[in-house]
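Trainee: Residue-level listing of the chains:
Protein chains: 2
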Amino acid sequence: MPLAPVLARIDADLDLSINRLLELLRIPSISTDPTYKDDCQKAADWLVKDLNSLGAIASKRETPGHPMVIGQIIPPGYEKKPHILFYGHYDVQPVDPLELWNRDPFDPVVEVTEKGKVIRGRGSSDDKGQLMTFVEACRAWKSVHGELPCRITFFFEGEEESGSPSLIPFMKENKDEITADIALICDTSLFDSRVPSITTMLRGLLGEEITIKGPDKDLHSGMYGGASINPVRVLARILASLHDENGRITVPDFYNGVPKLPANIKKQWEALNFDHHAFLKGVDLNTLAGERGYTALEMLWSQPTCEINGIQGGYTGDGFKTVLPSIATAKISFRLVGQQDPFEIRENLRGMIENMLPPDCSASFKHHGASGGIAMSTDAAEFEAARKALSDEWPDEAAFIGCGGSIPIAGLFQGIIGLDPILIGFGKDDDQLHSPNEKYDVESFHKGTRSWARVLNNLSQN
Amino acid sequence: MPLAPVLARIDADLDLSINRLLELLRIPSISTDPTYKDDCQKAADWLVKDLNSLGAIASKRETPGHPMVIGQIIPPGYEKKPHILFYGHYDVQPVDPLELWNRDPFDPVVEVTEKGKVIRGRGSSDDKGQLMTFVEACRAWKSVHGELPCRITFFFEGEEESGSPSLIPFMKENKDEITADIALICDTSLFDSRVPSITTMLRGLLGEEITIKGPDKDLHSGMYGGASINPVRVLARILASLHDENGRITVPDFYNGVPKLPANIKKQWEALNFDHHAFLKGVDLNTLAGERGYTALEMLWSQPTCEINGIQGGYTGDGFKTVLPSIATAKISFRLVGQQDPFEIRENLRGMIENMLPPDCSASFKHHGASGGIAMSTDAAEFEAARKALSDEWPDEAAFIGCGGSIPIAGLFQGIIGLDPILIGFGKDDDQLHSPNEKYDVESFHKGTRSWARVLNNLSQN
Numbered sequence: 002m003p004l005a006p007v008l009a010r011i012d013a014d015l016d017l018s019i020n021r022l023l024e025l026l027r028i029p030s031i032s033t034d035p036t037y038k039d040d041c042q043k044a045a046d047w048l049v050k051d052l053n054s055l056g057a058i059a060s061k062r063e064t065p066g067h068p069m070v071i072g073q074i075i076p077p078g079y080e081k082k083p084h085i086l087f088y089g090h091y092d093v094q095p096v097d098p099l100e101l102w103n104r105d106p107f108d109p110v111v112e113v114t115e116k117g118k119v120i121r122g123r124g125s126s127d128d129k130g131q132l133m134t135f136v137e138a139c140r141a142w143k144s145v146h147g148e149l150p151c152r153i154t155f156f157f158e159g160e161e162e163s164g165s166p167s168l169i170p171f172m173k174e175n176k177d178e179i180t181a182d183i184a185l186i187c188d189t190s191l192f193d194s195r196v197p198s199i200t201t202m203l204r205g206l207l208g209e210e211i212t213i214k215g216p217d218k219d220l221h222s223g224m225y226g227g228a229s230i231n232p233v234r235v236l237a238r239i240l241a242s243l244h245d246e247n248g249r250i251t252v253p254d255f256y257n258g259v260p261k262l263p264a265n266i267k268k269q270w271e272a273l274n275f276d277h278h279a280f281l282k283g284v285d286l287n288t289l290a291g292e293r294g295y296t297a298l299e300m301l302w303s304q305p306t307c308e309i310n311g312i313q314g315g316y317t318g319d320g321f322k323t324v325l326p327s328i329a330t331a332k333i334s335f336r337l338v339g340q341q342d343p344f345e346i347r348e349n350l351r352g353m354i355e356n357m358l359p360p361d362c363s364a365s366f367k368h369h370g371a372s373g374g375i376a377m378s379t380d381a382a383e384f385e386a387a388r389k390a391l392s393d394e395w396p397d398e399a400a401f402i403g404c405g406g407s408i409p410i411a412g413l414f415q416g417i418i419g420l421d422p423i424l425i426g427f428g429k430d431d432d433q434l435h436s437p438n439e440k441y442d443v444e445s446f447h448k449g450t451r452s453w454a455r456v457l458n459n460l461s462q463n
Numbered sequence: 002m003p004l005a006p007v008l009a010r011i012d013a014d015l016d017l018s019i020n021r022l023l024e025l026l027r028i029p030s031i032s033t034d035p036t037y038k039d040d041c042q043k044a045a046d047w048l049v050k051d052l053n054s055l056g057a058i059a060s061k062r063e064t065p066g067h068p069m070v071i072g073q074i075i076p077p078g079y080e081k082k083p084h085i086l087f088y089g090h091y092d093v094q095p096v097d098p099l100e101l102w103n104r105d106p107f108d109p110v111v112e113v114t115e116k117g118k119v120i121r122g123r124g125s126s127d128d129k130g131q132l133m134t135f136v137e138a139c140r141a142w143k144s145v146h147g148e149l150p151c152r153i154t155f156f157f158e159g160e161e162e163s164g165s166p167s168l169i170p171f172m173k174e175n176k177d178e179i180t181a182d183i184a185l186i187c188d189t190s191l192f193d194s195r196v197p198s199i200t201t202m203l204r205g206l207l208g209e210e211i212t213i214k215g216p217d218k219d220l221h222s223g224m225y226g227g228a229s230i231n232p233v234r235v236l237a238r239i240l241a242s243l244h245d246e247n248g249r250i251t252v253p254d255f256y257n258g259v260p261k262l263p264a265n266i267k268k269q270w271e272a273l274n275f276d277h278h279a280f281l282k283g284v285d286l287n288t289l290a291g292e293r294g295y296t297a298l299e300m301l302w303s304q305p306t307c308e309i310n311g312i313q314g315g316y317t318g319d320g321f322k323t324v325l326p327s328i329a330t331a332k333i334s335f336r337l338v339g340q341q342d343p344f345e346i347r348e349n350l351r352g353m354i355e356n357m358l359p360p361d362c363s364a365s366f367k368h369h370g371a372s373g374g375i376a377m378s379t380d381a382a383e384f385e386a387a388r389k390a391l392s393d394e395w396p397d398e399a400a401f402i403g404c405g406g407s408i409p410i411a412g413l414f415q416g417i418i419g420l421d422p423i424l425i426g427f428g429k430d431d432d433q434l435h436s437p438n439e440k441y442d443v444e445s446f447h448k449g450t451r452s453w454a455r456v457l458n459n460l461s462q463n
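For the record, the sequence lines run as chains A and B. Count along the first sequence starting at 1, add 1, and that's the number in my numbering. Count along the second sequence starting at 1, add 1, and that's the number in my numbering.
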């Protein structure tokens, strides 16, 4: 089945495709706010109907929270064609502060801007617009050839923006149905407007809250200052010791399991010519502050970090209070890579802190989640096939990139259904995800749809 | 004029004296709360009337805030007798949380407790009860001998618990009237129930708020973590560097002007056999945490300190947020002694911090007050005379002691009227100053009154 007419159909039907997306965007499916519970149902119903319209057997699956949508297109005789699982989410972020929006977030529109046409509205990029690129690609295949080039299972979630409480039980209970040969996820961004990407490395996350306790109550710093231990001072000493003078993290055995970046990936990243000055300039910074000896992309994607996310102790209101605090607390997090073991690191961190405590101080710890880093086996043929498809669509060659953050669904695909998901997305840095005036470039939507048509084509030829 | 009958009169009239104090305690003169403005006037009126009753020429002096009370007893022919200025304050602290009081804070009573009789009520110790010990001593002298042994100026303030906004202008405008040969202040405590004391060293206070700024907004620690500077980490490093491994403060030239403790004072302090284990045990601590090589009393009274009073940065609510904060703030204070110059220290601190800033970080500072340490010239004869008087009244010899905190009026006496005030008081550690169920031991009141009778006697013989 030739690809060219499928791409032509996508071009011809672009306005119709956008209109379908606008319909979906009009449903305010904010998952975290119970006010919008019925709207989440409506969005799921809309998707079921839309999948049915392109020949899928689709249904809404209730969960204790918002429903999942599962759809399948598995024509008879397709047993030997690859079975592809596609994941996206139909729920969206809340819209506050509403006054910062230039229009009703749920009255989406195509706007002409200086940088080109954009689809403006909550969820346009995250993730309804991205999800629909894949659906529209499938529709074009069906429309031109009457069939898809492969077997497809659609898997849409409605709780991604509210912590995915139903996701793991649902995936475990419906493991057979969602098991496939290849998994695709569309919830990431382009590297830049010329360079498409497949995200193949994601950092894990370990969150710890440390509370140092000294005296049994806040003391008067005149009466006790100089003789009594100050837990903020102890905490400052601990936090200051977490990095050495080169920015290297000092938790014992922390770097166990940190892999050397493969030469081919390192080369690809260098070829991206990432402008870290521009990246930092965007937040009023100039200087790379990570461990010496690494490039910016390595610091962000392939090296682990230790960050203090919050600290509090003593009097923090207006003015001054000469208090000697009883406790001090910090929230710290580690981004982890490769085979770093979050639980081992947690124990080593706790031990290191206990060892630094002076007399009269105790430390208590609260755990805030642990997940290891994720790296896909990019040697698998489907990764290269997908990369080739993207490179054919966009001006520059596609890159395997890393992601400083974590995308939990990626780990679940590995853990529950045993697949390294291929993370492809067409978002841009200025899409205003989770913020007022979210948008999705019409180019992202159009070329994204064309990209998926190409990816389905390439993956079906393996 | 013999002392013995004066002491006998104090003993005989104790109940009458207590009743007068209870009358004053019934007036809720909370200076910080405008609701009680009229009550502050009433308390001042009560004192004017009471001073008149013992032959003083007394009057209420309006200020922009609550009134002062000035009273004088300067009989004809007394030009050569010493002129003594006495300071106390009639305003009291607020009473919240009211539910923690065992009785109405302004319905005072003499209670019999396991430890002896106490006068319970707001202001009983701080400072109405203390103030009245001096008034009652004068009354006994007048009553027995028809005259006092010296010239007296009473100076009562009504804004001590609300920052004394009118004090400096009033003292400057009425300098001639309040100028005297000797100044007495009654707003401090006994060293312990056997050992009376004269507080001759007070630490000064320098308060600084430091804000470290990194990126121009809070960042996502996944997107930026590892490449961007984290101001909490920078602040932790700065705070951790303020003390060396021996607890010595590292601000450049910080110890300039810290005097060596005079041998006689050191000896007196050693003789106090201060039980620092019991002191620390009271707040669930065991180990002295100050600079090595000093005793507990030196750490508390004669050595400077640097304490972190508060710290805040990033996300400090429940749970976890993977934010890389834009700013971090700490409030720190220094207790100063001897000739340490608070403004020089402030500049050196700021310079030290500026020097520690990595690229992309800026520091801003907010000043929260500066006062130097105070030390009285205890060589002056009146100090020894007063100490002797106290030693005669109490079981053990009186000591010249230090005070970890600051008493601003003491500095004003030095600065405005050129006198080293003699700080004598009879409060106890368990008086619950500023707290619910404030009390003053009847013994403090009784022996306090007798002490002042003796002090007046001794000071008049110089």
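Everything labelled a hint here was simulated from the structure, so no lab data went into it. Hints should not be assumed to be uniformly reliable.
Which copy is meant is left open, because identical chains are indistinguishable; a pair holds if it fits in one copy or across any two.
Claimed, not checked - Restricting the straight-line Cα-Cα distance to at most 27 Å, the calculated cross-link-like pairs of lysine-lysine (DSS-like) are:
| hint | residue 1 | residue 2 |
| --- | --- | --- |
| 1 | Lys43 | Lys173 |
| 2 | Lys143 | Lys282 |
| 3 | Lys282 | Lys322 |
| 4 | Lys429 | Lys218 |
| 5 | Lys218 | Lys176 |
| 6 | Lys218 | Lys282 |
| 7 | Lys143 | Lys268 |
| 8 | Lys218 | Lys81 |
| 9 | Lys214 | Lys176 |
| 10 | Lys267 | Lys82 |
| 11 | Lys214 | Lys322 |
| 12 | Lys176 | Lys367 |
| 13 | Lys429 | Lys322 |
| 14 | Lys116 | Lys218 |
| 15 | Lys282 | Lys214 |
Small disclaimer: the values here were computed from a predicted structure and weren't measured.
Trainee: Against this structure, judge whether each hint is valid.
Mentor: Structure-based check of each hint:
1. Only within a single protomer do Lys43 and Lys173 lie at most 27 Å apart by alpha-carbon distance; the minimum there is 25 Å, versus 77 Å between protomers.
2. In this homomeric assembly, Lys143 and Lys282 never come within 27 Å of each other (Cα to Cα): the closest approach is 46 Å inside a single copy and 80 Å across copies.
3. With identical chains, the CA atoms of Lys282 and Lys322 are at most 27 Å apart between copies only, with a shortest distance of 24 Å across copies and 37 Å within one.
4. Proximity of Lys429 to Lys218 under the C-alpha cut-off of 27 Å is restricted to the inter-copy arrangement: shortest distance 20 Å between copies versus 50 Å within a copy.
5. In the homo-oligomer, the alpha carbons of Lys218 and Lys176 never lie at most 27 Å apart, since the shortest distance is 53 Å inside one protomer and 42 Å across protomers.
6. For the homomeric pair Lys218 and Lys282, the shortest alpha-carbon distance between copies (12 Å) is at most 27 Å, but the shortest distance inside one copy (44 Å) is not.
7. For the identical chains of this complex, Lys143 and Lys268 are neighbours neither inside a copy (39 Å) nor across copies (99 Å), given an alpha-carbon limit of 27 Å.
8. For a Cα distance limit of 27 Å, the shortest separation of Lys218 from Lys81 qualifies neither inside one copy, at 71 Å, nor across copies, at 53 Å.
9. Taking identical chains as interchangeable, the C-alpha atoms of Lys214 and Lys176 are never at most 27 Å apart, the minima being 47 Å within one chain and 49 Å between chains.
10. In this homomeric assembly, Lys267 and Lys82 never come within 27 Å of each other (Cα to Cα): the closest approach is 34 Å inside a single copy and 93 Å across copies.
11. In this homomeric assembly, Lys214 and Lys322 come within 27 Å of each other (Cα to Cα) both inside a single copy, at 19 Å, and across copies, at 23 Å.
12. For the identical chains of this complex, Lys176 and Lys367 are neighbours neither inside a copy (33 Å) nor across copies (59 Å), given an alpha-carbon limit of 27 Å.
13. Only between protomers do Lys429 and Lys322 lie at most 27 Å apart by alpha-carbon distance; the minimum there is 23 Å, versus 47 Å within a single protomer.
14. Only between protomers do Lys116 and Lys218 lie at most 27 Å apart by alpha-carbon distance; the minimum there is 25 Å, versus 58 Å within a single protomer.
15. Within a single copy, Lys282 and Lys214 get their C-alpha atoms only as close as 39 Å, which misses the 27 Å cut-off; across copies the closest is 15 Å, which meets it.
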